[in-house]
Amino acid sequence: MNVPTMADMMAQGKQPEVLFWVGAAGSYDDRAKKISRAFVKILHQAKVNFAVLGTEESSTGDAAKRAGNEFLFQMQAMMNIEVLNGYEVKKIVTCDPHSFNTLKNEYPSLGGKYEVFHHTQFIQNLISEGRLNIDDTSVLKGKRVTFHDPCYLGRANKVYESPRDLIKRLGVNLTEMKRNKATALCCGAGGAQMFKDAEKGDKEINVLRTEEALETKPQIIATGCPYCNTMMTDGIKFKEKEAEVVVKDIAELIAEANNL
Amino acid sequence: MQYIPNIIFALALALGFGFFAMNIRKLSRNIKLGKDVNRKDRKPERLKNMLMIALGQSKMVKRPFSGFLHVIVYVGFIIINIEVLEIIIDGLLGTHRVFQNIIGTGLYAFLIGTFEILAVLVLIAVILFWTRRNVVNIKRFLSKEMKGWPKKDGNYILYFEVVLMSLFLLMNATDIPFQQAGIGNPISQFIAPFFKGFTPETVYIIERSAWWIHILGILTFLNYLYYSKHLHILLAFPNTYFANLNPLGQLTNLESVTNEVKIMMDPDADPYAAPAEGVEETIPEKFGASDVADLNWVQLLNAYTCTECGRCTSACPANLTGKELSPRKIMMDTRDRLEEVGRNIDANKGTFVDDGKQLLNDYIKPEELWACTSCNACVEECPVNIDPLSIIMDMRRYLVMEESAAPQELNMMMTNIENNGAPWQYNQQDRLNWANEE
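Here the protein sequences come in this chain order: A and B.
Final position of the first sequence in this note's numbering is 260; the numbers increase by one with none missing.
Final position of the second sequence in this note's numbering is 438; the numbers increase by one with none missing.
Please keep in mind that the hints were generated in silico from the structure rather than gathered at the bench.
Each hint should be verified, as a subset may be incorrect.
Stated by the list, open to error - Ranges between beta-carbon positions, derived for each pair: (1) B:D270 to A:Q12: 38 to 44 Å; (2) B:N433 to A:N125: 36 to 42 Å; (3) A:Q12 to B:N433: 20 to 26 Å; (4) B:D266 to A:Q219: 27 to 33 Å; (5) B:D41 to A:K47: 51 to 57 Å; (6) A:H44 to B:N419: 30 to 36 Å; (7) A:N125 to B:N419: 54 to 60 Å; (8) A:D135 to B:E409: 40 to 46 Å; (9) B:V61 to A:N125: 54 to 60 Å; (10) A:R144 to B:Q425: 34 to 40 Å.
C-beta: ideal position from N, C-alpha, C; glycine also.
Using the sequences plus the hints, can you model the full thing?
Shown next, in the form of structure tokens:
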């Protein structure tokens, strides 16, 4: 798969229109890597001139910051900002709402000022610019889909409509959970919880959220965050519903609909 | 001798307001124990928030039933205050229903009539509130932190309302000339017949008693506020005005850390350099918060504003799944500790004497802090824009940066980020492998 790096681009004296920030999950997590590849396929189809940092990318520091380690966060931030500014990056797109939030809101006061998009916003723009179409007559047509709002996209940054707009364009039947948008329940991964066991309680958060999703009798649980994806996928396994329900990122659904 | 009631009234008023002013001064001093944070920017946005959220109750009605009842009690409270103004003037000047002469009988009757109807609506709302708190099993009113005083406090307020509204109606019902005029009494006209068998003198005494107890009750209520969760009726306004306006996902970047990181990353910096001439050596700032004075004044204002409704806790994913964390408890603990610190200062002639306690551990346990997913559900829910998450994060910062007391798995995650730029143990050189794996 052709994924150019900023270093390649620079060597050729080119500047891409957008940097794809892959994030740690999108780079290393087996499930999330599929989301990265699906998004790249979409970028290729829309003929977007993009590049990644590749081995020059490093953790945004989101998890460290929310675990309380402001030192580590700011070291990561300043390192990344040095690289990004070195390449004169202006526009960034990412499939990870945590990277999205950190790059967009927490890097500017440290010297990293970029226009940052979540991939659902970016794809929405591609469509409105006429560079991409979503096939609404694909195998997905008529399927029951529910959307789980990632906290760092939704409440944290008030992006509720971009993912929903894309889902509707797939020709599917979007059914909302009781808690949605501003009142959506967290999947349980945020605030560095992804990397530790939960405190003592009577239930796992991802199981509760999965139960809420299952109440809508979905065939597909769509989301827009690699961490939410992991949590919901684990929830589906826990509820032994793997045969009936799949968890998919919106980028994967679009790639599937467009036969990429 | 005829001025004695006026003098007693003036004294009661001075005492009531004086004591209240004293407590407000104490409150303001306690809030100022917090660190500075700039909330003087973006004034139009702040004003709009205050008008919409505090005055307009826009977030209250997101839960329609309790929101609607609250609006009734709130409107009742605000509007019936016009009546209190009249009572104060009457009490001081020895007049009776002084507004009647000023604004004319028709308008006066309309106003008092409206107040009477509101008083009944408030009574109904308060009874429903009481039922919700004491009979219906609503989970957020039954949490651990609501046992004891907080539960009683919630009920006392409701009893206060019942007594005040009843006295208002009784006062009107036993005002013989007012009833004889027969306008502006849509409710009290049905209570008045109950006193028919009484002598006019007895009815007059009942009317005067109801009038006096009503105003003394209001003065008592005013002074009860400081000792209760009920401060929100005043503090909701500054609290929404000074609330955070940035996206909820944006955490502050600690400036003290920025300075140190810059020195660390500057190849030309000499970490052992003596401070420049004229620069005083300062004690390094403490990172994060372990006690109330480490928090900023808006966080402390938040704590006093919280009315313990528990909407935050009822939306918290950690709390919903049985974890110890309750965002409401974080706010209540912060306020209780701040009050304790305030009493310490009072007892020690204006300076705080170390009492060997702090907010962390003595009030809030690390287990509560580590259960948070930083999802912002609590912040989103709060009808008056309180931010429990910022306190949780500041306390995590203290635990990690001052005490190195993160859970072991988080230490491993952070070591991985330091060593290979990812929270997992993968080689940095493999970061682009995903592109060629299919």
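Now the hints, each set against the structure:
1. B:D270 to A:Q12: 38 to 44 Å: Because 40 Å falls inside the window, the suggested range holds.
2. B:N433 to A:N125: 36 to 42 Å: Violated: the Cβ-Cβ distance is about 29 Å, outside 36 to 42 Å.
3. A:Q12 to B:N433: 20 to 26 Å: Holds, at about 23 Å.
4. B:D266 to A:Q219: 27 to 33 Å: violated (55 Å)
5. B:D41 to A:K47: 51 to 57 Å: Since D41 of chain B and K47 of chain A have Cβ atoms about 42 Å apart, the given range 51 to 57 Å is violated.
6. A:H44 to B:N419: 30 to 36 Å: Holds: the Cβ-Cβ distance is about 34 Å, inside 30 to 36 Å.
7. A:N125 to B:N419: 54 to 60 Å: violated (37 Å)
8. A:D135 to B:E409: 40 to 46 Å: Once the Cβ atoms are compared, 43 Å apart, the range 40 to 46 Å for E409 of chain B and D135 of chain A holds.
9. B:V61 to A:N125: 54 to 60 Å: violated (35 Å)
10. A:R144 to B:Q425: 34 to 40 Å: Given about 39 Å between the Cβ atoms, the range holds.
In terms of the numbered hints stated before, the structure departs from hints 2, 4, 5, 7, 9, listed from lowest to highest.
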